[in-house]
Amino acid sequence: MIGLMKGLAYTLKELTREKVTYDYPHEPLPLPDRFRGIQKFYPEKCIVCNQCVNICPTECIQLTGKKHPDPTKKGKVIETYNINFEICILCDLCTEVCPTEAIVMTNNFELAEYSRDALYKDLAWLDENDTNIRRENKP
Amino acid sequence: MMLRTEEMILNVGPQHPSTHGVFRLILKIDGEIIQEATPVIGYLHRGTEKIAEGLQYTQIIPYTDRMDYLSAMTNNYVLCHAVETMMGIEVPERAEYLRVLAMELGRIASHLVWWGTYLLDLGATSPFLYAFREREMIINLLNELSGARLTFNYMRIGGVKWDAPDGWIDKVKQFVPYMREKLHGYHELVTGNEIFRQRVTGVGRYTKEEAISYSLSGVNLRSTGVKWDLRKDEPYSIYDRFDFDVPVRDGGDCLARYECRMAEIEQSLRIIEQACEQFPPEGPIMGKVPRIIKAPPGETFVRIEAPRGEIGCYIASDGKKEPYRLKFRRPSFYNLQILPKLLKGQNLANVIAILGSIDIVLGEVDG
Chain E
1 MIGLMKGLAY TLKELTREKV TYDYPHEPLP LPDRFRGIQK FYPEKCIVCN
51 QCVNICPTEC IQLTGKKHPD PTKKGKVIET YNINFEICIL CDLCTEVCPT
101 EAIVMTNNFE LAEYSRDALY KDLAWLDEND TNIRRENKP
Chain B
1 MMLRTEEMIL NVGPQHPSTH GVFRLILKID GEIIQEATPV IGYLHRGTEK
51 IAEGLQYTQI IPYTDRMDYL SAMTNNYVLC HAVETMMGIE VPERAEYLRV
101 LAMELGRIAS HLVWWGTYLL DLGATSPFLY AFREREMIIN LLNELSGARL
151 TFNYMRIGGV KWDAPDGWID KVKQFVPYMR EKLHGYHELV TGNEIFRQRV
201 TGVGRYTKEE AISYSLSGVN LRSTGVKWDL RKDEPYSIYD RFDFDVPVRD
251 GGDCLARYEC RMAEIEQSLR IIEQACEQFP PEGPIMGKVP RIIKAPPGET
301 FVRIEAPRGE IGCYIASDGK KEPYRLKFRR PSFYNLQILP KLLKGQNLAN
351 VIAILGSIDI VLGEVDG
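Taken in order, these protein sequences are the chains called E and B.
Residues 1 to 139 (this note's numbering) make up the first sequence, in order.
Residues 1 to 367 (this note's numbering) make up the second sequence, in order.
No wet-lab data here; the hints were simulated from the structure.
A quick note: this is a predicted structure, and the numbers were derived from the prediction, not measured.
The beta carbon of each residue, even a glycine, is placed where N, CA and C say it ideally should be.
Mixed in with the good hints there might be a few duds.
To give a feel for the contact side, a few chain B residues facing chain E, derived at Cβ under 7 Å [unchecked claim]:
# : residue
1 : Pro-62
2 : Arg-133
3 : Asn-153
4 : Glu-194
5 : Gln-198
6 : Thr-201
7 : Arg-205
Restricting the straight-line Cα-Cα distance to at most 20 Å, the calculated cross-link-like pairs of lysine-lysine (PhoX-like) are [as the list claims (entries may be wrong)]:
#  : chain 1 : residue 1 : chain 2 : residue 2
8  : B       : Lys-182   : E       : Lys-138
9  : E       : Lys-6     : B       : Lys-182
10 : B       : Lys-321   : E       : Lys-13
These stretches of chain B come out as covered by chain E in the derived footprint (C-beta under 8 Å, 3 or more residues) [claimed, not checked]:
#  : region
11 : 74-88
12 : 91-103
13 : 181-189
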């Protein structure tokens with residue numbers, strides 16, 4: 001019986017301890033800078049190198065580019081950029097390979113939607129997603 | 001008049017609170033005594049090994065996170081270790097220390113989940129809350145380091161993705177004495193409890209020979225008296241630099257497995273403590289790795305000690321960016337095979353106590 005009483009004493013002692021839970025969702029959850037939420041995309045930085053498309057393990061990124069509108073400049077500019085968030089596993093490899101940091105992670109993780117179509121994030125959506133952006137993007 | 005009796009089939013799962021994942025157990029019972037137990041697996045099968053054949057080595061790392069999702073760091077490591085062995089890549093010291101810290105923190109987190117849920121299965125609610133409180137601290141530490149709570153994708157071939165953030169090592173240092181105190185409390189709360197001890201002593205017992213013939217590994221093997229821990233017997237990474245013991249028990253029953261796991265938490269804390277002290281103040285976190293990772297033609301097999309046993313990775317390469325064949329030796333899958341033998345002749349009430357003590361993760365069983 002001694003063991004049992006000791007256990008009860010332990011729970012009684014714990015009763016007076018400080019609360020460890022958050023009042024989520026009324027209180028925002030503190031997240032570290034490196035936390036991986038949905039991506040933010042900067043169309044002006046993208047050089048259409050296709051590296052994010054090639055590295056994505058689930059093939060959830062699709063993009064198309066077009067010739068630079070300014071004929072004096074070489075290279076391409078982005079035309080469409082889509083992430084199928086149904087299958088994105090937030091592995092962070094796209095931001096790791098991006099040479100111009102055109103795609104970066106944010107801390108936004110509350111991504112539930114009522115329809116599956118809403119999970120297809122296009123260029124406009126990803127461009128507007130500009131809150132809680134990761135500050136330090138490259139190691 | 002004689003009562004007519006007949007055997008009954010009882011279905012447990014696949015959605016059952018005690019199966020921790022999606023696992024089905026078909027029990028043939030005579031009264032309350034189990035005559036035959038048939039595990040049905042595959043509900044979480046995603047074909048990781050087949051998918052890997054079409055992916056570059058770096059792309060496979062996030063998939064390993066999803067096998068044993070309670071200790072993803074060891075899974076990350078085994079794949080990177082296999083590719084590094086094939087290519088002869090040297091990993092910088094700082095990266096090795098970060099890997100060991102991450103893996104040992106993961107091991108503690110994994111054992112805490114086991115401890116909490118095992119007691120929950122046996123009918124005690126409060127240990128679960130305490131275990132998850134401490135686990136949350138570990139997860140926060142790993143979240144700060146890698147950017148994710150469970151699916152870390154932290155290790156890379158030749159090193160790690162991120163260096164430790166400012167003050168992270170100090171936080172880990174502070175966590176060690178805190179966890180030791182809590183561990184002491186756990187023993188006070190559960191280990192000495194007479195009801196718990198009666199519930200698990202002598203239940204689900206198997207011998208050393210049986211454990212070896214079923215190729216059990218990890219705690220399931222060490223609880224029968226076999227001192228076999230790859231961190232000691234086949235040191236990989238930098239484990240030969242740390243002073244720690246391999247907890248062994250002779251009982252081979254649920255209590256022995258419980259005691260082994262609890263002792264392992266203590267040993268992991270010792271490793272973390274030493275790793276924090278020895279942590280190099282500066283240095284690179286990535287070794288010299290070619291831009292395109294191509295393993296040379298040939299094959300390799302490496303194995304390491306995961307919280308659930310020996311996890312192995314076999315790679316056959318034909319010199320391309322993708323592996324020709326990749327296989328994981330997933331410890332939960334092998335450990336689960338002894339279950340039908342253990343359940344035969346047992347009382348129905350012991351099913352959960354025995355299943356829980358083997359500590360399987362279905363993501364790993366199904367692959």
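Unmet hints by their number, sorted upward, for this structure: Those not satisfied are hints 5, 6, 7, 8, 10, 11, 12.
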